[in-house]
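With these hints in hand, go ahead and build the complete structure from the sequences.
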Amino acid sequence: MRESHRIAFNVNGRRRSLDVAAHHTLLDVIRDDLELTGTKECCLVGECGACTVIVDGRVVDACLVLAVEADGAEITTVEGLAVDGDLAALQAAFLDTGAVQCGFCTPGQLIAAHALLAENPHPTIAEIQEGLAGNLCRCGCYGQITEAVRAVAGEIAP
Amino acid sequence: MRPFVYARPATLPEAVALLAAHGPDARILAGGTDLIIRLRDGSLAPAVVVDLKRIPELRAAIGEIGGRVTISAGTVMTDIAADSLVRRHFPALAEAAAVVGSVQIRNRATLAGNVCNASPAADTAPALLVYDAGIVAEGPGGSRHIRVDDFFVRSGVTTLARGELVRAIVLPLPTRRMGAVHVRRTRRRGHDLASVTLCCAVDDAGVTRIAYGSVGPRPVLRIDESGLLADPGASDAAKGALLEAMFAAASPSPRSMRASPEYRLAMLRVLGKRALATAIERLAKGE
Numbered sequence: 740m741r742e743s744h745r746i747a748f749n750v751n752g753r754r755r756s757l758d759v760a761a762h763h764t765l766l767d768v769i770r771d772d773l774e775l776t777g778t779k780e781c782c783l784v785g786e787c788g789a790c791t792v793i794v795d796g797r798v799v800d801a802c803l804v805l806a807v808e809a810d811g812a813e814i815t816t817v818e819g820l821a822v823d824g825d826l827a828a829l830q831a832a833f834l835d836t837g838a839v840q841c842g843f844c845t846p847g848q849l850i851a852a853h854a855l856l857a858e859n860p861h862p863t864i865a866e867i868q869e870g871l872a873g874n875l876c877r878c879g880c881y882g883q884i885t886e887a888v889r890a891v892a893g894e895i896a897p
Numbered sequence: 005m006r007p008f009v010y011a012r013p014a015t016l017p018e019a020v021a022l023l024a025a026h027g028p029d030a031r032i033l034a035g036g037t038d039l040i041i042r043l044r045d046g047s048l049a050p051a052v053v054v055d056l057k058r059i060p061e062l063r064a065a066i067g068e069i070g071g072r073v074t075i076s077a078g079t080v081m082t083d084i085a086a087d088s089l090v091r092r093h094f095p096a097l098a099e100a101a102a103v104v105g106s107v108q109i110r111n112r113a114t115l116a117g118n119v120c121n122a123s124p125a126a127d128t129a130p131a132l133l134v135y136d137a138g139i140v141a142e143g144p145g146g147s148r149h150i151r152v153d154d155f156f157v158r159s160g161v162t163t164l165a166r167g168e169l170v171r172a173i174v175l176p177l178p179t180r181r182m183g184a185v186h187v188r189r190t191r192r193r194g195h196d197l198a199s200v201t202l203c204c205a206v207d208d209a210g211v212t213r214i215a216y217g218s219v220g221p222r223p224v225l226r227i228d229e230s231g232l233l234a235d236p237g238a239s240d241a242a243k244g245a246l247l248e249a250m251f252a253a254a255s256p257s258p259r260s261m262r263a264s265p266e267y268r269l270a271m272l273r274v275l276g277k278r279a280l281a282t283a284i285e286r287l288a289k290g291e
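Just so you know, the sequences run in chain order A and B. Counted from 1, the first sequence has number 888 at position 149 by the working numbering; the numbering is strictly sequential. Counted from 1, the second sequence has number 100 at position 96 by the working numbering; the numbering is strictly sequential.
For the record, the hints were derived by calculation from the structure and aren't laboratory data. Check the hints yourself; a few may be wrong.
Chain A side only, calculated, beta carbon under 8 Å to chain B, not exhaustive [as the list claims (entries may be wrong)]: (1) Ala760; (2) Ala761; (3) Thr776; (4) Glu780; (5) Leu783; (6) Gly785; (7) Gly788; (8) Thr791; (9) Val798; (10) Val799; (11) Gly870.
Where is the CB? At the ideal position from N, CA and C, for every residue including glycine.
Structure below.
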């Protein structure tokens, strides 16, 4: 048993291998060690969703995962959504609908919406609201965020 | 967060030995949605954190064997809410699992963790009580079965002994037709802890089971075997008096921030009546 652990995982398709302290969270390691600062630190109790990332196909709050637990995992952060440097359709829709105001919650919202659409390509408004219930927006852009997700789902013209 | 030693046992005996050796200085990590919050705020400072997620016997699985549905300790709320066996036989448990936290939380939080934390507000507890679930505990002395009603003591305290961990939760398949529902009251729609959480089931023999939480130190189960609550011909006054007696064990804390005791007791009655009506309706419809 050691205080520091060697772990390896794929982040946005890239193999990363590093030593992590047992008490450091996945959020700490993503931001401080991998310098992927799109994922935000906010409430640190699993209520706001600003730190949402995808681990093995499922969204989680990275503030509530130890980095060492993610050994061997497949991880997607907001930096992994763009395709060849172009914004993903979901990201473009967020801009088009005005879903990005201060922008602090946006990475978490995008990741949660991305995972929702991957599982349910044509969600109802209620399903979008439930799927994003773990992501708070203090600017109150919930209407625009829902509209952006619907636009990508093809429910309304973007 | 204060440093700790992280242990990831590969076998059950190894995990049990670690827990037995360290006692209260060890804490189990399953989904971590409660533990990591408490490690960070300093209310827990264990020497060792024991991660159970790489133990094959505890890996997420739901299966039916010998008239019982077994949910392994590593199974998360998302899987329980979506599972066809659970939805068919224990719909109120599926409903409860579906309202725990947010998607992010349900993807990590385990049913075993929910019962082991023994929070009075645990949303799955009333359904487990109503369905007469059992806890399979694995410890230094081997395996034992604990009825869920004998498992909860008070917030954070269960009847698990030193060195014991929960291996699985088992639910006996109902022998009678049943209508059941889980309901809750929260401060806001969406992601919140329950101010009242309640499950009611009525079977075709007229037995009504009501379990409720977040209104006292532990969730409570009460059973009406007289058939009165399920009887469409019984008077509202008679039913009201019986429900009052069944809710007599509620004693909400005045120190909780979420809701006052008066509000919780009032909502307990409202939710109890609504849940009873829904359970009767579902039994009639065969849902």
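*Which of the stated hints cannot be reconciled with the structure, identified by number in ascending sequence?*
3, 4
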